[in-house]
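Undergrad: The chain contents come next:
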Amino acid sequence: MLEVSGLRVSYGGIQAVRGITFHVNEGEMVALIGANGAGKSSTLRALSRLLDPAGGSVRYRGKELLALPPHGLVAEGIALVPEGRGVFPRMTSLENLYMGAYARNDKAAIARDLEHVLGLFPRLKERAQQVAGTLSGGEQQMLAIGRALMSKPRLLLLDEPSMGLAPIMVQKIFEVIRAVASEGMTILLVEQNAKLALEVSQRGYVMESGEITVTDESNKLLADPKVRAAYLGE
Amino acid sequence: MNLPRKKFPFWQQHWLGLLLLATALLAVPFVAALGGQAWVRIANFAILYVFLALGLNIVVGYAGLLDLGYVAFYAVGAYAYALLASPHFGIHLPFWVILPFGAALACLFGVLLGAPTLKLRGDYLAIVTLGFGEIIRIFMNNLNAPINVTNGAQGITLIDPIRIGDFSFSQTSTILGVTLSGPQKYYFLLVALAILVIVVNMRLQDSRIGRAWQAIREDEVAAKACGINTRNIKLLAFAMGASFGGIAGGVFAAMQGFVSPESFSLMESITILAMVVLGGMGHIPGVILGAVLLTALPEALRYGIEPIQQAAFGRMIIDPESLRMLVFGLALVLVMRFRPAGLWPSSLRRRELAEATD
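From first to last, the protein sequence lines stand for chains A and B. For any residue, its number in my numbering is found by taking its place in the first sequence, counting from 1, and adding 11. For any residue, its number in my numbering is found by taking its place in the second sequence, counting from 1, and adding 26.
Derived from the structure by calculation, the hints contain no laboratory data. Since the structure is predicted, the reported quantities are computational estimates derived from the model, not experimental observations. Note that beta-carbon positions come from the ideal geometry of N, C-alpha and C, so glycine has one too. Please note that the accuracy of each hint is not assured.
[Said to hold, decoys possible] Over the 10 Å line for every Cβ pair with chain A, so calculated as not near, a few chain B residues:
1) 59
2) 68
3) 206
4) 215
5) 219
6) 245
[Stated by the list, open to error] Sample of chain A residues at the chain B side, in silico, Cβ under 8 Å:
7) 61
8) 99
9) 162
Construct the entire structure; sequences and hints are all you get.
TA: In structure tokens form, the structure reads like this:
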């Protein structure tokens, strides 16, 4: 579904991503893990067109994504949950969710999807009229994921969903990610918490200083002594 | 679940208030005329500033783009009118040709300013827009050689008033038994224009575009992720704000009969911005209040200070002009200290500022 080849990202003279190649198949969840500064987020920002890569190609269902403007991705069925959540702090939860459906105008379907999202996140239903800026970090992350789902995507890009959350909240968020995946959603998960990411995903890529060094099925990566030593703190 | 929607149109909910307001608006030019035509002119300027402030409100209040060069669009509109309806080039086009042309030209300049500044925010955007405002003013000041386009610092005089057939807005005439002076006629024209900009502002607020602006104001990355074309939506804000500035400029030129670069200084931009911020950014009644107060109060001070000083001290101790600026500055500081969201903020804006201080 998503084929990235030779993707390079530079900031000035510094190469953050050095020509990486990976793919995501329809219906699977793929984890991109690695230490801080390995280039994971730069990769995702390039995919979601928030920055212009120095080279390479990103094909999504046969179409070149790098030719599209950032706002064009939603129409293609790609939704990004930005790093640091990125909810609209002064809008209510409900208004945030409706913003996710900004590019759609099928009212009946939007209402159906809203029910679905509120079913996935009962907490958001309770907080529907609350201003997003006053929600807890975990609730904001739920809201950001819910808002992304409101655009009815086929591919969900998750940027560090566990960042800055309490451990119990992280567990909750990952439960929801698993639930979304089990409905057949294709997900690319960029995550520092390697253990959790590999536990929920089918395949994983390990990034190190801008390059993909190891790739395998997630459960094999979890068992790999080198990965365990470097990323699972053993 | 659905977003709450208004059940009745605005005018049905507020018909009594609107009726009173309409009566008051009708009475203003006649009451003001009792104190002399100068007071009618002040009322006219108050409404012209309401118009300008609401135009700027689209850029600053809705889209959250800090524009310190708004007066440039006002200048473009004013000069467009002046050049096309004065003996300077010997061209005398009717106002219904020039006003839309001035608006379109200002709109073009708005896009010209907006396009290169799309990636800038906050302070950086403010500096670029400030520079842009100055560039326009300096151009007006110096475009008298090698070809005399703007007549430099002397400005352009003898600009045609707005005229429909034989009905000129600069002369006194009697309509249906009511005698109206020139300024009084302009007053009604300005009120009509102000109503137009108020309606546009109201429609924008609850529209799809309005929500996109709010999203960009709050988180630009997230707005992009929601599929909002942030570039076009921001350019639209610049273009719409600029068009209103252009219209205001045209009316200003016609009303004054004279334009010169000194009317379009940085101070003017800052005053218009102060009206928006002081009144309550993004809140239509607040912005109107800000514009009326900041036009009327300095004038009232100007007329009030002299007699007060004469009575108290028997002579003038402080020059009214400098005292005016002192009081103006003090008022700004006090409002920002005690009502940081503006004198009459929207509930949304109050929410935003309350959180910021958490």
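Undergrad: Which of the listed hints are not met by the structure?
TA: 6
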